[in-house]
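J.: One letter stands for each residue in the lines below.
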Amino acid sequence: MDTTAQLNPTTEQPLAPAPRLTLSGISKSFPGVRALHDVSLSLYPGQVTALVGENGAGKSTLVKIMTGIYQPDAGTISIDGQPVTLPSAHAAFGHGITAIHQETVLFDDLTVAENIFLGHAPRSRFGTIDWRTMRKQAREVLDTMRAGHIDADARLKDLGIANKHLVAVARAMSIDAQIVIMDEPTAALSLKEIEELFLLVEFLKSEGKAILFISHKFDEIYRIADRYTVFRDGEMVGEGLIKDAGQSQIVRMMVGRAVDHIFPQRKAEIGAPVLTVSGLSHPTEFDDIGFELHRGEILGFYGLVGAGRSEVMQAISGITRTSSGTITLEGKAIMPKSAADSIDAGIVYVPEERGKQGVVIGLPIFQNISLPSLKRTSKSGMLRLAEEFALARSYTERLDLRASSLSQDVGTLSGGNQQKIVIAKWLATAPKVIILDEPTKGIDIGSKAAVHGFMAELVAQGLSVIMVSSELPEILGMSDRVVVMREGRIASVYDNKGLDAETLVRTAAGIAA
Amino acid sequence: MTDTPAPRHIPDRLDKPFNSAIFSWEALLVAVAVAIFAVNSFASPYFLDAWSLSDLTFNFTEKALIALAMALLIISGEIDLSVAAIIALASTVMGMAVQAGAGTPVLVAIGILVGLGCGAFNGLLVTRLGLPSIVVTIGTMSLFRGIAFIILGDQAYKGYPPSFAFFGQGYVWWVVSFELALFLVAAAIYWFLLHRTSFGRRVFAIGNNPVAAQFSGVRVGRIKFILFCLTGLMAGIASVLITSRLGSTRPSIAQGYELEVITMVVLGGVSILGGAGSILGVVLAAFIMGLVTFGLGLLNVPGIVMSIFIGLLLIIVIALPILWRRVRRERFT
Numbered sequence: 001m002d003t004t005a006q007l008n009p010t011t012e013q014p015l016a017p018a019p020r021l022t023l024s025g026i027s028k029s030f031p032g033v034r035a036l037h038d039v040s041l042s043l044y045p046g047q048v049t050a051l052v053g054e055n056g057a058g059k060s061t062l063v064k065i066m067t068g069i070y071q072p073d074a075g076t077i078s079i080d081g082q083p084v085t086l087p088s089a090h091a092a093f094g095h096g097i098t099a100i101h102q103e104t105v106l107f108d109d110l111t112v113a114e115n116i117f118l119g120h121a122p123r124s125r126f127g128t129i130d131w132r133t134m135r136k137q138a139r140e141v142l143d144t145m146r147a148g149h150i151d152a153d154a155r156l157k158d159l160g161i162a163n164k165h166l167v168a169v170a171r172a173m174s175i176d177a178q179i180v181i182m183d184e185p186t187a188a189l190s191l192k193e194i195e196e197l198f199l200l201v202e203f204l205k206s207e208g209k210a211i212l213f214i215s216h217k218f219d220e221i222y223r224i225a226d227r228y229t230v231f232r233d234g235e236m237v238g239e240g241l242i243k244d245a246g247q248s249q250i251v252r253m254m255v256g257r258a259v260d261h262i263f264p265q266r267k268a269e270i271g272a273p274v275l276t277v278s279g280l281s282h283p284t285e286f287d288d289i290g291f292e293l294h295r296g297e298i299l300g301f302y303g304l305v306g307a308g309r310s311e312v313m314q315a316i317s318g319i320t321r322t323s324s325g326t327i328t329l330e331g332k333a334i335m336p337k338s339a340a341d342s343i344d345a346g347i348v349y350v351p352e353e354r355g356k357q358g359v360v361i362g363l364p365i366f367q368n369i370s371l372p373s374l375k376r377t378s379k380s381g382m383l384r385l386a387e388e389f390a391l392a393r394s395y396t397e398r399l400d401l402r403a404s405s406l407s408q409d410v411g412t413l414s415g416g417n418q419q420k421i422v423i424a425k426w427l428a429t430a431p432k433v434i435i436l437d438e439p440t441k442g443i444d445i446g447s448k449a450a451v452h453g454f455m456a457e458l459v460a461q462g463l464s465v466i467m468v469s470s471e472l473p474e475i476l477g478m479s480d481r482v483v484v485m486r487e488g489r490i491a492s493v494y495d496n497k498g499l500d501a502e503t504l505v506r507t508a509a510g511i512a513a
Numbered sequence: 001m002t003d004t005p006a007p008r009h010i011p012d013r014l015d016k017p018f019n020s021a022i023f024s025w026e027a028l029l030v031a032v033a034v035a036i037f038a039v040n041s042f043a044s045p046y047f048l049d050a051w052s053l054s055d056l057t058f059n060f061t062e063k064a065l066i067a068l069a070m071a072l073l074i075i076s077g078e079i080d081l082s083v084a085a086i087i088a089l090a091s092t093v094m095g096m097a098v099q100a101g102a103g104t105p106v107l108v109a110i111g112i113l114v115g116l117g118c119g120a121f122n123g124l125l126v127t128r129l130g131l132p133s134i135v136v137t138i139g140t141m142s143l144f145r146g147i148a149f150i151i152l153g154d155q156a157y158k159g160y161p162p163s164f165a166f167f168g169q170g171y172v173w174w175v176v177s178f179e180l181a182l183f184l185v186a187a188a189i190y191w192f193l194l195h196r197t198s199f200g201r202r203v204f205a206i207g208n209n210p211v212a213a214q215f216s217g218v219r220v221g222r223i224k225f226i227l228f229c230l231t232g233l234m235a236g237i238a239s240v241l242i243t244s245r246l247g248s249t250r251p252s253i254a255q256g257y258e259l260e261v262i263t264m265v266v267l268g269g270v271s272i273l274g275g276a277g278s279i280l281g282v283v284l285a286a287f288i289m290g291l292v293t294f295g296l297g298l299l300n301v302p303g304i305v306m307s308i309f310i311g312l313l314l315i316i317v318i319a320l321p322i323l324w325r326r327v328r329r330e331r332f333t
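Chains as they are written, first to last, in full-length UniProt numbering: chain B, 1 to 513; chain E, 1 to 333.
In case anyone wonders, no lab produced these hints; they're calculated from the structure.
Glycine residues also receive a C-beta, built at the ideal position from the N, C-alpha and C atoms.
Any given hint might turn out to be false.
To be clear about the criterion: a stretch of chain B counts as covered by chain E if any three or more of its residues have a C-beta under 8 Å from a C-beta of chain E, and this derived list gives those stretches [to be verified]:
no., stretch
1, 327-341
2, 352-358
3, 386-397
4, 405-416
Start from the sequences, fold in the hints, and give me the full structure.
T.: Here it is in structure tokens:
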């Protein structure tokens, strides 16, 4: 129990001491996207505040503002009541703010002690690093955290992720950080490691640190958080004490949005199965995946980041290999060994990473679109430019591309227009099945509508679509059926009739109804 | 400029082809070639003579043949530093075959096949084992020439049959040598391959973004392997020409050629980072290199100064396009 609270019985929240860190009225926009709008957040010493929200709700942007990587457009940050500015990561570190990320940003080739004391190593009289003191202090810090099993001289790369997290925390302890941000720290941990991490969080609480804990997993939040803050579409939509809020209440806050985007109306004419996947497994990424895709159907794939959805789709389209399982396309078993094989068979994968995997920046629009279809646009290996321009024109105009000419480098287009190129290039191969991985991620609302309208047109023509998406409105607005994946397995398959967002979020996070 | 309001019809291209041609790197190369040609003809009274000019071409044809294939390889984002060593090994094996009494057709076949084999070896190491080509070909550079040194020591193979001399010393018509004719034919073939076939288009795609190319169904490994084989093949052909021209084989044959080949490719406007370039540029660059070295030779500039010159040229032509792009970006954004 906090003694200051008992001395001060008139406050409305008797448990709350003065906040250590307060963010108020924070806004941040990127070209075409409003990431955060007038959000507030307070962190209290000795308490864990859970930050929850869907993908794209603005959590990462907020973390980057708190750690000095982004500068807010408006709003104030104060520590212990004093307004501060955080113009750089170094400044945030100097104010005692540290972050532990999903994949920690430490240095693999340095030792544990070097990682802990990087930038503030103890010095000898001659200004050189005092290695002996550094090792000794590193061991002391690790011991106080009950992490004495970590060798201060070990190279970081030889440690598991859980131990790397411990080193990151030790680094925070060594600078006497008062504010610790944990951004999905459990995402890559085993159950036992998660337990150890929770012990560490308890330890940090007992040391009076103010902790921000970001997680998609409700059981974790209810286990260790004292308070919660919910973000939705870049705004703060609710906060309070975790003991006063039920899971369903928080889930409702996360997903209950004003629908500001009309999805195309379409008559579902679902035909016979086109693609049948069964028992598809991968040594590490996914296990025993089986589903059917029908002619004229949009099959949504929902799940948390890391649930294995993209990996399954890349296996079906020949980009990665599987250890077992079968894929049947129109009654014929196929086993694509490369993307070229799957494109020939009639399955195309439109990847999520637009810049890295989708467009070839440096080539003009028409050459990007014809790339997967070169076999058709060329004749005995010779290019036919007229065919390429015709192919590019027919698809770019259907997708309402905004460009000054088809010879323009795709690198000069906006994100939304690049996404149209990405969809057009795979569609131009005239596939039977098209797999869209996060087709509207990070693009403006107008381009989104164009992509959704086009998907509706495609299935009306008898194409079958798999849509991997983390955006609930998109999943609910577009899918005929929804497959929910959790931790590399299919958790459930729903018919999209009267399906609600809460059910999907619960299934994806593994919360019993 | 990018998001103009809804032009439903998007034109194929905006620039008139003539406009883009006149401001291209190739146009600049033509201007440079003309300038050097003019300087040379003023500097030496012996320069403007059909046979002088014909002799000039021997300065670059062998290297330029390799540069054609190297251009494709560098556009795809790889490089082969072992080409000069391939020449040495192929020439050594031809020399051994001469000792064993092989005739001219067999010698030519051996030279070409050894080159192809070495290229395939490089290609397998890069595409199968996923090793960086710069490391692989530095290794095979030592390996191939090392084998030649072991076989030959400080000896030399001589005694090539008289008919073998045609490839490096013969003329097909008046002052047009066999080497020059072969280079022009090869340049036409490589121009067609790079700029007019779907294979060439895939090479550009790989050089710009190998991951997206693979996702788009381009068989990246297979194409890179073919490019290494082509580069080896051209080195094998160059080995036949050099051996024929010199009439002998020493293990130090063609020492340092790889840098001149790469200089030619980069001077020709091929991006050392991959993804851009043209065969026309490489052909023009070959002529420029030939003009420069021949001009310096006429002025009795010693060989060591020439190699300093080649080194400087390499740095300048790599730096220039990058600086040029940086200046343009600062002006237009």
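J.: Compare the structure with each hint and give your call.
T.: Do the hints match the structure? See the list:
no., hint, verdict
1, 327-341, "holds (count 3)"
2, 352-358, "holds (count 3)"
3, 386-397, "holds (count 4)"
4, 405-416, "holds (count 7)"
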